[in-house]
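2 protein chains.
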Amino acid sequence: MKIRDYCLPCLVNQVVKVAHMSHAQNKEELYHQVFDYLSSLDFELTNPEIIGQTFQMLKKHIHNNDPYKEIRRYYNDLFLQQQDYFRDLIEKADDFFEMAIRYAIIGNIIDFSPMHNHDINDVMKYFKNIENQRLTLNDIEKLKDDLKNAKTLLYLGDNCGEICLDYLLIEKIKQMYPDLMIYFATRGEAVVNDSILEDAYYVHMDRYATIIDNGDYSLGTILHRVSPKFLDIYHQADVIIAKGQANYESLSEEVKNIYFLLMVKCHVIADDIGVDEKSLVCFHREE
Amino acid sequence: MKIRDYCLPCLVNQVVKVAHMSHAQNKEELYHQVFDYLSSLDFELTNPEIIGQTFQMLKKHIHNNDPYKEIRRYYNDLFLQQQDYFRDLIEKADDFFEMAIRYAIIGNIIDFSPMHNHDINDVMKYFKNIENQRLTLNDIEKLKDDLKNAKTLLYLGDNCGEICLDYLLIEKIKQMYPDLMIYFATRGEAVVNDSILEDAYYVHMDRYATIIDNGDYSLGTILHRVSPKFLDIYHQADVIIAKGQANYESLSEEVKNIYFLLMVKCHVIADDIGVDEKSLVCFHREE
Numbered sequence: 234m235k236i237r238d239y240c241l242p243c244l245v246n247q248v249v250k251v252a253h254m255s256h257a258q259n260k261e262e263l264y265h266q267v268f269d270y271l272s273s274l275d276f277e278l279t280n281p282e283i284i285g286q287t288f289q290m291l292k293k294h295i296h297n298n299d300p301y302k303e304i305r306r307y308y309n310d311l312f313l314q315q316q317d318y319f320r321d322l323i324e325k326a327d328d329f330f331e332m333a334i335r336y337a338i339i340g341n342i343i344d345f346s347p348m349h350n351h352d353i354n355d356v357m358k359y360f361k362n363i364e365n366q367r368l369t370l371n372d373i374e375k376l377k378d379d380l381k382n383a384k385t386l387l388y389l390g391d392n393c394g395e396i397c398l399d400y401l402l403i404e405k406i407k408q409m410y411p412d413l414m415i416y417f418a419t420r421g422e423a424v425v426n427d428s429i430l431e432d433a434y435y436v437h438m439d440r441y442a443t444i445i446d447n448g449d450y451s452l453g454t455i456l457h458r459v460s461p462k463f464l465d466i467y468h469q470a471d472v473i474i475a476k477g478q479a480n481y482e483s484l485s486e487e488v489k490n491i492y493f494l495l496m497v498k499c500h501v502i503a504d505d506i507g508v509d510e511k512s513l514v515c516f517h518r519e520e
Numbered sequence: 234m235k236i237r238d239y240c241l242p243c244l245v246n247q248v249v250k251v252a253h254m255s256h257a258q259n260k261e262e263l264y265h266q267v268f269d270y271l272s273s274l275d276f277e278l279t280n281p282e283i284i285g286q287t288f289q290m291l292k293k294h295i296h297n298n299d300p301y302k303e304i305r306r307y308y309n310d311l312f313l314q315q316q317d318y319f320r321d322l323i324e325k326a327d328d329f330f331e332m333a334i335r336y337a338i339i340g341n342i343i344d345f346s347p348m349h350n351h352d353i354n355d356v357m358k359y360f361k362n363i364e365n366q367r368l369t370l371n372d373i374e375k376l377k378d379d380l381k382n383a384k385t386l387l388y389l390g391d392n393c394g395e396i397c398l399d400y401l402l403i404e405k406i407k408q409m410y411p412d413l414m415i416y417f418a419t420r421g422e423a424v425v426n427d428s429i430l431e432d433a434y435y436v437h438m439d440r441y442a443t444i445i446d447n448g449d450y451s452l453g454t455i456l457h458r459v460s461p462k463f464l465d466i467y468h469q470a471d472v473i474i475a476k477g478q479a480n481y482e483s484l485s486e487e488v489k490n491i492y493f494l495l496m497v498k499c500h501v502i503a504d505d506i507g508v509d510e511k512s513l514v515c516f517h518r519e520e
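Top line first, the protein sequences correspond to chains A and B.
In this text, residue positions in the first sequence follow the numbering used here: the first is 234, and each later residue adds one.
In this text, residue positions in the second sequence follow the numbering used here: the first is 234, and each later residue adds one.
Okay, chain A solo, but in the shape it has when bound (with noise of 0.2 Å):
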């Protein structure tokens, strides 16, 4: 989907607050250049692609191509720590895939870029609710067939912390599905908080999945931007789960078997899927 104007003030306000939060300097100037950029801006573009235009411009002027590097591990690290116990409580839920899909998309919240205003408090309710957490949109058994029938399955990665709660849904579907060859792909480039290479091998990814990065700095995944062995994976996967909004804004409209799996965060993506605000779904767009 195309960006909305009403995405606008939102990322101003991530500018901003990446701004303070990196301890940039000159921040009059990165914003001055991050104003000349939008004045011609291609509002034909997703708000992924702007969002890893703008950060390439903090991160050249903080001259720092990782800025959120140490907040990734923190929230790797909290999450490592729990993943024994969130994969007990999905052992022993009445239907462990649908649990597993819940965490993962409850995972989702974990989102520190700040254009979404949750704190760590607020993840843990969540986690801690799970049992009143349904699914507004669930294609769930569409998702369990497509996986059966298939070869390959690439898993479009989102945040840090998350991808722990990924992992845990890799493994169960690795159960279920033993000859499924999985790909889980991860952003080319640090971008806000968004996990990257680094992370996946750091929360051992690889033991179920081969981890590549799509070789492109934007938010989520562009595919005009994507590297060339990237978008071979992407064009002979059979199933696509694309985690989390960026995923979404920029594969909303691909012809390609994908599923969605995401926590609606704001009112533009809620009115484009059609659902209320802080909905979490598992949804597939009919091609």
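Among the hints, erroneous ones may be present.
Identical chains blur together in the list; that is why a pair holds if it fits in one copy or across any two.
Derived lysine-lysine pairs resembling DSS-like cross-links, with alpha carbons at most 25 Å apart [what the hints assert, rightly or not]:
1. 235 / 260
2. 250 / 235
3. 381 / 489
4. 250 / 511
Quick caveat, the hints were computed from the structure, so don't treat them as lab data.
Got chain A sorted already, so can you dock chain B onto it with the hints?
For chain B alone, coordinates are given in the frame of chain A:
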């Protein structure tokens, strides 16, 4: 006070919401223009001046010099209808002057500029709950002393609707200090829902005060932009009452006998004044 970078998302939010509210065509062109202006923004300016500039861009873009005309009229009518009721409550209060000030400050919540998300129900809740709405900063006794010794008061208005509560306070001031010469100032041109000349006459402010406009299209009172006539009155006034955030933002550093009456609507202003958000304040910044 100079604009803070935390104001930038709000500024962009306002442009987007007003563009929608006024049914602007070619919104993207307008946004490009606004971002082009922001790309060389002078961070020494105050926010009300910057908002004035972006609102001018909007007015030119939509070929409408007063997009909030009907909204202003609607809220003036709404509060004119309740003026007798509010006057009665003020008369019955133990300290009628303080109560008139509290109503005038709570009137400051009638801010339908889309930067602050108050709807009419929120506004009415404040009015109903006025007994519990105490002033966090209260220089009312000092204001009374100053008015007793003053020859001229300049009252700087703020929003539509609110102006009906300003009227009640000014009525009270005139009763208490019948010899006081009172000027009531509006913005020089339509800017969001702020009161302009026609609003002041519409609510009959000329019964008690000489109505003037400040000659400028900014949101607050930008002294280097106002008309010479306004500036003369400003300089000769013994006491100034400045309503609302925009007047605070534009005059907070002036060396002048000013009483700021406002509801604190955001963390930037709260930090600058040194109170919590949503505080009601009537205070004199020492020269």
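State the violated hints by number, sorted upward, taking the hints as numbered earlier in the document.
Hints that this structure does not satisfy do not exist here, as all of them hold.
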